[in-house]
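Undergrad: The residues making up each chain are set out below.
2 protein chains.
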Amino acid sequence: MKKYVYMFQEGNSKMKDLLGGKGANLAEMTRIGLPVPQGFTISTQACNLFYEKGEKLTEEIKEEIYTYLSQLEQETGKTFGSKENPLLVSVRSGAAISMPGMMDTILNLGLNDDTVLALAEKTQNERFAYDSYRRFIQMFSDVVLSIPKYKFDHILERVKEENNFMEDTQLTAEHLKEIVKEYKKIVKSEVRRAFPQEPREQLLMAVEAVFASWNNPRAIAYRRYNEIPHEIGTAVNVQSMVFGNMGNDCGTGVAFTRNPSTGEKKLFGEFLLNAQGEDVVAGIRTPKTISQLQQLMPEVYDQFIKTTEILEKHYRDMQDIEFTIEESKLFILQTRSGKRTAEAAMRVAVELVEEGLISKEEAILRIDAKQLDQLLHPTFEPRALEAAQMLAQGLPASPGAARGKIYFTAEKIIEAANNGEKTILVRQETSPEDIEGMYAAQGILTARGGMTSHAAVVARGMGKCCVAGCETIKVNEQKREFVIEGRVFTEGDFISLDGSTGKVYRGDIATIEPTLSGSFGELMQWADEIRSLLVRTNADTPADARTAVKFGAQGIGLCRTEHMFFDESRILSVRKMIFAKTTEQREKALEELLPVQREDFEGIYEAMGERPVTIRLLDPPLHEFLPHSGKEMQDLANNLEISLEEVKEIAESLKEFNPMLGHRGCRLAITYPEITIMQTKAIIQAAIAVSKKNNITIKPEIMVPLIGTVKELKYLKDVIHETAREIIKEAEVDLDYLVGTMIEVPRATLTADEIAQEADFFSFGTNDLTQMTFGFSRDDAGKFLKEYVEKDILEQDPFQSIDQEGVGKLVEMAVELGRKVKPDLKIGICGEHGGDPESIKFFHKTGLSYVSCSPYRVPIARLSAAQAQILNKR
Amino acid sequence: MKKYVYMFQEGNSKMKDLLGGKGANLAEMTRIGLPVPQGFTISTQACNLFYEKGEKLTEEIKEEIYTYLSQLEQETGKTFGSKENPLLVSVRSGAAISMPGMMDTILNLGLNDDTVLALAEKTQNERFAYDSYRRFIQMFSDVVLSIPKYKFDHILERVKEENNFMEDTQLTAEHLKEIVKEYKKIVKSEVRRAFPQEPREQLLMAVEAVFASWNNPRAIAYRRYNEIPHEIGTAVNVQSMVFGNMGNDCGTGVAFTRNPSTGEKKLFGEFLLNAQGEDVVAGIRTPKTISQLQQLMPEVYDQFIKTTEILEKHYRDMQDIEFTIEESKLFILQTRSGKRTAEAAMRVAVELVEEGLISKEEAILRIDAKQLDQLLHPTFEPRALEAAQMLAQGLPASPGAARGKIYFTAEKIIEAANNGEKTILVRQETSPEDIEGMYAAQGILTARGGMTSHAAVVARGMGKCCVAGCETIKVNEQKREFVIEGRVFTEGDFISLDGSTGKVYRGDIATIEPTLSGSFGELMQWADEIRSLLVRTNADTPADARTAVKFGAQGIGLCRTEHMFFDESRILSVRKMIFAKTTEQREKALEELLPVQREDFEGIYEAMGERPVTIRLLDPPLHEFLPHSGKEMQDLANNLEISLEEVKEIAESLKEFNPMLGHRGCRLAITYPEITIMQTKAIIQAAIAVSKKNNITIKPEIMVPLIGTVKELKYLKDVIHETAREIIKEAEVDLDYLVGTMIEVPRATLTADEIAQEADFFSFGTNDLTQMTFGFSRDDAGKFLKEYVEKDILEQDPFQSIDQEGVGKLVEMAVELGRKVKPDLKIGICGEHGGDPESIKFFHKTGLSYVSCSPYRVPIARLSAAQAQILNKR
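Respectively, the protein sequence lines represent chains L and S.
This note's numbering numbers the first residue of the first sequence as 341 and each following residue consecutively.
This note's numbering numbers the first residue of the second sequence as 341 and each following residue consecutively.
Please note that a few of the clues may not be correct.
A pair counts as met if it fits within one copy or between any two copies, since identical chains are not told apart.
[As the list claims (entries may be wrong)] Derived pair list, reagent style DSBU-like, types lysine-lysine, alpha-carbon separation capped at 35 Å:
(1) K402 - K418
(2) K890 - K710
(3) K524 - K489
(4) K1181 - K1160
(5) K988 - K1123
(6) K1126 - K1057
(7) K1162 - K1149
(8) K1131 - K1057
(9) K1051 - K710
(10) K1069 - K1131
I should point out that these hints are in silico values taken from the structure, not numbers from a laboratory.
Bear in mind the structure is a predicted one, so any value in this text is a computation, not a measurement.
Generate the whole structure from the sequences, applying the supplied hints.
TA: Put into structure tokens, the structure is as follows:
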């Protein structure tokens, strides 16, 4: 026969899947001799069986529960329903993964009209007994019978009002007896049956209710949000009650073995005298700090300190402990690893290593890589945030907190920034022309676009706060205003953005700057020693490159050359190139661009030293560079000596239905090889210059975007080689360089063996690969992606974490085909996924050589890469 | 030692790869005893070696050529360079696949200042000898020495002028001697050496020149156009000369054993007395018909007739024969399968089967499926076409010939058509709103868009002539004019279009209507008996459906429901649905659409009877249905009782950056399930109604577009089932239906095993699959695809013939994964590739159940499917 119920002493901490986290910990604490009120756990398998049988407990399980109940009665010397020494129990849920506050709990189960008398008699405290009973009825009715709490609260309030009481504690035993009567009446009228008096019936009903609460909406939502599988189910813990509310030698509290905000090694906690656990959580009374316990009950305090030390050593981690003191006797009700801030997590992990409790590998695994963002960006001052008014919710596109006056154009932002103002750029969506404004602003807010929209990608690269795709705001750029639900915000109004949550607030909320502790540096160094996956950065400017190096980047995996084209001093030359009617005209415009592009690369080589730099040739469709205003068009017409009409005509002819799938990337380069020639010249000439100047060896990596067939690469490689070799020969130097390709078109993954024959390296462009594999435009998908996640059609946004099943299959295929031809082929990834921990683990497993991510994600990538290495070895 | 040269008697007709088509045929004719002037063939392997060695003949091959030359001298009794009996030869190219007129030929090789005297002496015809010599010098100089022909022509003309001659034949031997002298001077001044006098040197130079001509630009272009591999190389045939120009008992001609235009079994050909082959080809003199030979040389005629009969029986196909008569002696210089029209091909194939010469399978393989288009569409009257002036060249988007007055809007077209005018719709690009105009027009011309642009797809569906992506015309729709190279065409001007070639002509060119012969029906029936791949059609209207059935369609593989939405009477309801602010409003608008949509389906079921009909749910992005003009917007605003402002705002919010990858297909259906509910109702209700009315069993196939993950399908399947089952239950009938999916997103192919679990059938949407796998927008790719093919980066437009290496890999993967889960899964393809012969062969091999193509391509598909079956069995 299958076993579904376990006494605490039968289990241990390794049985989390079966007993849930709480059950396994209660068992473990029992096992190591800590004062835990005894009880038993009904396993997660019972929960699954419960759902299989149409949300019913089987007879088999019921019998088993009764058996274990008897054993508990024997151990405690108390009996369910006894009029002398009644057993009371708590019934609590507990899944393998902690879901705090998400499911239901019932205390004081076993009370009825008889046992309440016995409890009063035994404790010589009638008030306590009836207070417990009325709490039980309300809790049971809420959780099991689905009677809303407020119906009971009304009665309590009425009685207090009638007696002019302010506090619950002013109620006497007589008042509480009255209240219990009224409560039972409510139950009868609501569910047309009397409140169940039989403790065993109470127990089975409670167990069923806890199992059923696994699928209540907030639990489902919590699991979805935290990526917890729905199938694991919850266990139920039935534990004999101890009472913190039997008088002033009683109490209840929670404590952390270290400070969960800073990580400082000092007991941190609070407790209430004469109270039950729910009072602490509810925040009705102001609790005392744990140090005050020392004065009030020195012996209990000493015992508690010893216990916490045992627990931390035993679990080898900072613990979050719930305890109750019943008539000066300490009971531990729960222990678990404590939630903590990133800063605390770092410090605790490093100090635990120093204390010899855990290994460096364990320390690395203990850190949630995603949490590192907190450390690298400003956050709101918590009290200021509490008072703030939220206006809207967008996508958390780039983390950090920002506050400032709103402006609607890059020009205005730059002007205001020059006047020393803090600013927020608000746009329908950003375009490459906004770059300067984005640099100057504190944060960026857009009404459209997803997590990989232009605004989001660029902001993350800059480490700048950005809330994108905030569809409830209606931006009117001409009127210089936006509207949220009828409320108008105009130029110069203050707002604040939280790029980590996507929330938009009214007004100017104070922020705190981040500080990087020594623990951070130490942990990162350990990570670097362990990981095999290299970490590069996506950087287009010397400033970005320097930031990334500071954060530990080992090279540049993606330098986008087009961002340089939007500078005001260059855009005219770029447009002349685009509007050229002959190859000669185009070459002339490119000649103007050559020196500035060369300077760009020189700056980047200077910042990176001998670290590898991968430069991608021009990628976006040409129409991104088109003039928009009449003035810009006229300027261009004058400059090119053609009519305004003609300028408009050419601009029109460059428009595309689906620019993402249009004339861009290597397709442009094949149509206009002169662009590739200019860029190759700039790359090679700059490398020669900086190599000479600094007496270092620079080996540029030239990357051709959007290859779909090997012949495209072959064609452009010939152009690049011809250009580069001539320059190198003329300069009479020894310069080596690589020519590789982005793998971002599905067809490239399918024919990667052929492409590998012509490529010195591969770099996955997983943004575009995801777009094309799903057929999702990242700029348009916002409209339905959110709904897809809500309706559980997608588990997560595939632009944030790589879709391992679909897109990942293509990645694996390309790696396999590529390495079949060139076993040592250097393969990286430079899409947004290069900074996502889950994706990094996948890339490590797939055998990639490096990931490349935005500068502010480099530490996350270093840590994730180390974690991947450790996990993969296990 | 490897053998590179073969005497004619050493070869046979099976050695085409080695000896080329001409060489193998000369060998074969020699083998069966026909009168062929003797000679030898230098193999295609020698050609490849020639290119390997940097365009040089190896010493080894030269020696071998000399050896075989000696043998030829022995056999003919003539000697190279002999002053008594000189051997003269022709040197001709001949690849394994015929490339008529694409490479170079040299006649009379072996003549020099000495042998010309011997020839004069031997033939007693000095004029003939010098005429041959001057021809040889000119031809050799052109082909081998690259001296332009016109330089020699000038001299000939000058001499004629000086003597007031009209015809070459008026030139005397003396004149020709003078001309030869002058010709040799030209050679000397052009190439700074004397005209080579040594026949062996002449021969080697000629062989090298023929090999080199394999890679001349027109030969490369021809191979690209005809999809002939560049690597196969050409052979060179060296054959002893016979002379048709030695007097009036001599002549030369070509003949077809059957009529190449109609296929009629009657010798068809022409000849010239006293002429060499080049005179026939050049068209200088008007040739006589072959029947006139009977009067002039009855014995030769009889021998020739017998020879043609032998050849046709031997080769079991209609032959194209070149012959020469030298002093009343017949020589066969070449025979090959004759090129023919589609009509002739049909008739010849069927009659050869009836004559017992070939099997039905062979007859089917003999037809070029692509050629069938000729049979189904009007063509230009050939003489009228000769006189026509070509204006521009676009893409051959939908075959047939059309002529009419140009108009620039659908409204104008309809108005003109109602007045009985023939019209051509000219647009920058068409949109779904142009459908009615496209129906009313004779043909469609667009300036933008590729082979699978809206105009192209819709026109092919209608069987209507269309030239798309004609980028040299500048359309100004507002001015109602288009401009080609400065010349303006305005509303009402006549143009003519050839949709089979993409050519645009000035004026009104007469057309001929097609007729379908009995042979066509017979051949199609044989094809149907043989093929296992079913052929369905893409049809959106009852009219299209009826056309397709007439052409043999076995069902509908794709019925696009959105085309129905553009009808003037419906578009307002569609817009109300899109602009609805609540689900109620949307449902109300959908209620208006339900009866009309139901009617659409009833019409289609009526046309198809019990044949299966696959209906695809709404696919395009909603913005395609948006109002454009101010009036349309105002109408909508009035109707919805909202402000014009609001209409504009909603329209703006529906715009997408990349609509192809946006909110469309199943994504729309998931956001607005009420649309799916309405469409399901219409599909099922119509099926019930027509089943009852006609007492037949209709089993609709509902197809969900753009599935990327199984959960999308599952979600919509639930919606469809719920709706359909309720209707079926209410109607108290027995109606079966299927729910399947398009496989068109790369991710769907990668997870086809999961999707198969929920799908009753798959249908590949290879248009979208090609777009996403290549990352090509079919509407924008025109800009670079042409260049890609020209630069040999792509062998062909992947939207026309499926890319087997990339896209095909995904198709194979999906079939394998799908059938692993459901071995009998019905899998079709309904993209444009369903009508392309090469693609159909691929789909047959991949194991698909059916292909679906536009009605006018159904016969092509039936034939191709049969060919695939036969080829696969072999």
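Undergrad: Which hints from the list above does the structure break, by number from lowest to highest?
TA: Violated: none.
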